[in-house]
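**Q** Got chain L; can you put chain A on it based on the hints?
For the protein sequence lines, the chains are L and A, in the order given. Residue numbering for the first sequence follows our numbering, starting at 4 and increasing by one per position. Residue numbering for the second sequence follows our numbering, starting at 105 and increasing by one per position.
Wrong hints could be hidden among the right ones.
Ranges of calculated distance between the beta carbons of each label pair, as one might list FRET restraints [as the list claims (entries may be wrong)]:
(1) A:189 to L:307: 27 to 35 Å
(2) A:118 to L:315: 27 to 35 Å
(3) A:172 to L:326: 17 to 25 Å
(4) A:229 to L:261: 40 to 48 Å
(5) A:140 to L:339: 38 to 46 Å
(6) A:184 to L:353: 52 to 60 Å
(7) L:262 to A:140: 37 to 45 Å
One side only, chain A facing chain L, incomplete, derived with CB under 8 Å [unchecked claim]:
(8) 143
(9) 144
(10) 146
(11) 147
(12) 167
(13) 170
(14) 222
Think of the hints as simulated: they come from the structure by calculation, not from any bench. Just so you know, even glycine gets a beta-carbon here, dropped at the ideal spot from N, CA and C.
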Amino acid sequence: MSALARTPLFETHRALGARLVPFAGFELPVQYTSILAEHAAVREHAGLFDVSHMGQLHFHGPGAVAAVEWLVTCPVATLRPGRVRYGCLCNEGGGVVDDVTVYRVAEDHLFLCVNAANVEKDYRWVVRHSPASVEVQNRSAQTALLALQGPASTAVLAAAGTTPDPAELPRFAFAPTKLAGTEALVSRTGYTGSDGFELYCEAGDAVGLFEALLRAGREHGLAPAGLGARDTLRLEAALPLYGHELDDTTSPLEARLDRFVKRGGAPFLGGEAIERRRAAGHARLLIGFELLERGVARAEHAIAHEGVPVGVVTSGAPSPTLGKSIGLGYVPPALVEPDTRLEVNVRGRAVAARVVETPFVRAPARAATTR
Amino acid sequence: MAETEIPRDLRYTREDEWVRIEGERLVVGVTDYAQQQLGDVVFLELPEVGANIERGEAFGVIESVKAVADLFGPVTGRVAEVNALLTDQPELVNADCYGDGWMLVIEPDDPAEIEELLSASAYQQHVKDRAE
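The shape of chain L in the complex, shown without the other chains:
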């Protein structure tokens, strides 16, 4: 077991009194004050996350677009420079190697933002499945990533003197900017279901950027936020977490990621298997559910229907916004209709649950009211 890695912000987190825990091989803040307070800050104002553990794999060269088009489930050739798409890397069996965001930086330059736990696996995978003419670079260690999330995010960036002001940046677009004396790629993306931005910078600039944003955000209710709130926020938005909803055996269609899987377009790695599995009929599909009684569903709890075990919870937590317990899990296709009654086995107790539409919480995509 190797020692835990640290992000460039490790000492900053310590100085802020964060509780640090191991996650994906990194020592990261799970919370600074309280998960509930940090969750509320993001939904009502803004939160600042250090997600520098995530990886960035860059593709350069005239064949870069074609290489990435083959590797991911989402269309790439139609992605304009300055735009981002979400998709999956899939294996020959149609299982998910990782879920990623694809950034088109320039005509012949793209990068994938990948999950921390998968950086090495993904790097080997994409190198193996890319032509030698395409240069693949793992820039994860040199790159820091901050996520500024919540309706006040635009106001925080403006207060930090970001130029050009990214307020008008559309969702899933990004642009190079300057703020706090450093250069950062500002992307209108996130993993919380609230409006917000992700900021890529050089590792050496991360502390200055993080502290400048915290200072600029003081007037706007900005709080540093940890992995605990990140998880409850993404669960309310029903965004999948690799290792929970997705893994090497799961088809993206079982995870209900249909709109991120191209069909009838360019062929891609795993595409035939995904289609074959779809045509044969999936044995299980991902659902969102809420508990109708007291208790908290957690990953790996069994799901039953009329007393018969039918599936498993992949993520579960009390929803701070809704004040009830919610979760995601896999069940047979016959049981995915909203309002279907299920039971979750919470440590030996059958707790009534019902299938609900996702996302559980629909935050306004843009906080137009803040301007």
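**A** Frame of chain L, contents of chain A only:
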């Protein structure tokens, strides 16, 4: 790590419960260290009044946003009172773990078991040992 409050006049278990001796009855809750480790408490499963609990055996469950932990009997005895406030206000465990966040009152079968609980200084050492 934040400072942990460990009142001198209480006794403790290795599983992070505190015990206040009030005559023949024991008031039981979880320690400041435990509530800090758990984070925001959202749910408690506690026994009913009249239930029997066993020393060292799980008698209930405490659940936070992030984690779930068993609660262990500090002594063997009968549950005389349960803090009903915690049903709707589990956050009292975070806000005031040694006061309004108390969980049970137990009538011990064998008062001699009380002597086997940890003193404040022994518990403090136990917390320190685990932090290292």
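**Q** Now, for every hint given, state plainly whether the structure supports it.
**A** Going down the list of hints, with the structure as the test:
no., hint, result
1, A:189 to L:307: 27 to 35 Å, "holds (33 Å)"
2, A:118 to L:315: 27 to 35 Å, "holds (33 Å)"
3, A:172 to L:326: 17 to 25 Å, "holds (18 Å)"
4, A:229 to L:261: 40 to 48 Å, "violated (57 Å)"
5, A:140 to L:339: 38 to 46 Å, "holds (40 Å)"
6, A:184 to L:353: 52 to 60 Å, "violated (30 Å)"
7, L:262 to A:140: 37 to 45 Å, "holds (42 Å)"
8, 143, "holds (6 Å)"
9, 144, "holds (5 Å)"
10, 146, "holds (5 Å)"
11, 147, "holds (6 Å)"
12, 167, "holds (5 Å)"
13, 170, "holds (5 Å)"
14, 222, "violated (24 Å)"
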